[in-house]
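Going down the list, the protein sequences come from chains A and B.
Residue numbers for the first sequence, in the numbering used here: 1 to 358.
Residue numbers for the second sequence, in the numbering used here: 1001 to 1358.
Be a bit skeptical, because a hint or two may be false.
Partial selection, computed: residues in chain B whose CB lies under 10 Å from chain A [to be verified]:
1. D1096
2. P1097
3. R1098
4. V1170
5. V1172
6. P1192
7. H1212
8. I1217
9. G1220
10. G1221
11. A1227
12. D1231
13. G1236
14. A1246
15. L1296
In short, the hints are calculated from the structure, not lab data.
Beta carbons are placed, not taken as given, at the ideal position from N, Cα and C, and that holds for glycine.
Chain residues, written in single-letter form:
Protein chains: 2
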Amino acid sequence: MISKHHASKASTLANRFPENPILTPSQVRPSREDMEVECILNPGVFSYAGKTWLLVRVAERPKQENDWISFPVLEDSEHLIVKRYRRDHPDLDLSDPRIIRVGSSFYLTTLSHLRLFCSSDGVHFNEPDDRPSIIFPHGVHETFGIEDCRVTTMGDQFLLTYTAVSENGVAVGCMRTTDWVHFERLGLIMPPHNKDCAIFGEPVNGLHHCLHRPSGIDLGGNFIWMAESPDLVHWGNHRCIARTRAGQWDEARVGAGAAPVKTSEGWLEIYHGADKHHRYCLGALLLDANQPYRVLARSRLPIMTPDMDYEQKGFFGNVVFTNGHIAEGDLLTMYYGASDTVICGATFSIREILDSLK
Amino acid sequence: MISKHHASKASTLANRFPENPILTPSQVRPSREDMEVECILNPGVFSYAGKTWLLVRVAERPKQENDWISFPVLEDSEHLIVKRYRRDHPDLDLSDPRIIRVGSSFYLTTLSHLRLFCSSDGVHFNEPDDRPSIIFPHGVHETFGIEDCRVTTMGDQFLLTYTAVSENGVAVGCMRTTDWVHFERLGLIMPPHNKDCAIFGEPVNGLHHCLHRPSGIDLGGNFIWMAESPDLVHWGNHRCIARTRAGQWDEARVGAGAAPVKTSEGWLEIYHGADKHHRYCLGALLLDANQPYRVLARSRLPIMTPDMDYEQKGFFGNVVFTNGHIAEGDLLTMYYGASDTVICGATFSIREILDSLK
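Whenever a hint applies, use it, and build me the whole structure from the sequences.
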């Protein structure tokens, strides 16, 4: 059992921005006039051209009318269309706020795309005015949207790993850019059911590495795995490196955050864990520098818990979820989604996180 | 709806061996004296040294004693041990015949290994006397066994793709051999939840291809996917190529059989489909010769259904399941598991299967 005293003490490792939340749905314009932004979530983070950038997941839905439920879907792999059903349609099941069931078909209530924001101070963010800011889903494996993108900086290239959602399943797509104008799509790098994929910023022993989160059925669970690749496109040697822990804060699901930070003690990974009440907290893993599939240490208690009002109330409450940060010396500036609704920031001391693992 | 007339007509494409079943559990010695062979299943098939070979999945369990339930598990990644619980133990749940639940832990009632059998006539099979016949599970991702191995012949090498089962989940492992004595383990090539993986016998457009069967959660389903690889170890560009079909014989799950057969019309793949009553039938897919992710044709009706007594009654009844065959000219000699209990054989005319797809 986690005592309140310990949980509270542990969560002081996070120094939240006083400006939180730093981005809310009302600050984000919809991609079309007939859509509205329902929530903004879980940004990838990178430095580029002297600024801090967020690649935010923007979940939109059509403006709703009385007596009708309408929802978005990608048609012909690229055109966003709106489907409409009368709310009293006998085949309609709206019992899950995220999912619309029509007979044997599933749809999502919202469709997510990725949106660029940049900032000179790391706190006040706006869409850039010198380039397109929206990355839309594309193709038959993204018809329900793209979500929760990690951005890994590797030399002069940026690798985007995101959740690709369609009626084919939930998988991991990858694209690559050097200028944030042209994007090379590398296809799905992980088949369903998979998400939370982050590529290491440099090869280890001559091979690229990534963390990912497949899900088991009957056997296994929502565990963190590692894979290797010679070329960033093809991945193998999958290994389970961190499982859920019964009775603890990460008992139900765990998943990687951003690319790990290289430290003198090994690779430091901030991950999320959820308990059976769907409360999402953050913890840390320390991975061996040369054999990163070896977990040297793991947070006994969370390093951050959903304590603030904006972390406890929203589209999906009691959630702090990160997939992006910037490390400079000892300072880790982390951006995170709170309650699946708004974007926030917090800083950590890398030294303090490492010390907490001892 | 499939009429009885049509189903019966379609299933005549299979010419069953009159000797069926050709291998039964009583003909297979257990790997240890304290174990018994519960069932034998789903062989990989290949030609080697002038003979026909089966790589059979052998599911064993410890000999059971009154008042006790005992089950096998791999300890320290390589030693088979037997766990025992009193049947009235309060944490024990035996409601699923395949699974033993102890509190929050899962185990399997049986542990599977792979066993070689060979034959000069393709009908009468025995374990070889000139080499080890057993391939045991090994390592932390195989602690509950290895199952349903496809064997792909590629030049002078054989590629074994099998289901690796452990508390980490159900994934696909691969090993390689040229002499069936020494095996090179290539690690897990597909993360959970995945099975039914078959590698093509030759590259297409310079890349290796495989079929595999990830499973979705909430979205997606039990669909056939394709992946590509430069080296057989690392796989990417995952694409869904065949989904289940609502209301049809393959409405609940589909999965590839063996490596596809190269024909003048494209790659011919025999796959299994199950309906919501868990009745497993076989059908065919015709894949484009140069773009094998394009499905040119698909069986409207099964090419084989579980009609015989030995296909309808057993450990898991109403199942015909294949993952191995040998093609010579127009003759496809297929081996299959019946009712998850015994091994059988049947021949098909490749021409007749292709014609049935028109």
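Hints versus structure:
Satisfaction of the interface hint for D1096/B is found here, the shortest Cβ-Cβ separation to chain A being roughly 9 Å, below the 10 Å cut-off. Evaluation of the P1097/B hint against chain A yields a violated restraint, the C-beta minimum of about 13 Å exceeding 10 Å. Below 10 Å, beta-carbon pairs count as interface contacts, and R1098/B has one with chain A at about 9 Å; its hint therefore holds. Taken as an interface hint, V1170/B checks out: its beta carbon lies about 6 Å from the nearest beta carbon of chain A, inside 10 Å.
This hint holds: V1172/B has a C-beta 9 Å from the nearest C-beta of chain A, less than the 10 Å allowed. The closest approach between the C-beta of P1192/B and any C-beta of chain A is roughly 5 Å, which is under the 10 Å cut-off, so the hint is satisfied. With a cut of 10 Å, the hint placing H1212/B at the interface with chain A holds, because the nearest CB-to-CB distance is about 7 Å. Because the smallest distance between the Cβ of I1217/B and any Cβ of chain A comes to about 5 Å, under 10 Å, the interface hint for this residue holds.
Taken as an interface hint, G1220/B checks out: its beta carbon lies about 3 Å from the nearest beta carbon of chain A, inside 10 Å. For G1221/B, the shortest C-beta to C-beta distance to chain A is roughly 7 Å, which falls under 10 Å, so the interface hint holds. For A1227/B, the interface hint holds, since its Cβ comes within 10 Å of a Cβ in chain A; the closest pair sits about 7 Å apart. Hint on D1231/B holds. Least Cβ distance to chain A is approximately 7 Å, under the 10 Å limit.
Restraint check, G1236/B versus chain A: the minimum CB separation of about 4 Å is within 10 Å; hint holds. A cut of 10 Å between beta carbons decides the hint on A1246/B: the least distance to chain A is about 5 Å, and the hint holds. For the restraint placing L1296/B at the interface with chain A, the shortest Cβ-Cβ distance is roughly 17 Å, beyond the 10 Å limit, so the hint is violated.
Checked against the numbered hints above, the structure violates hints 2 and 15; every other hint is satisfied.
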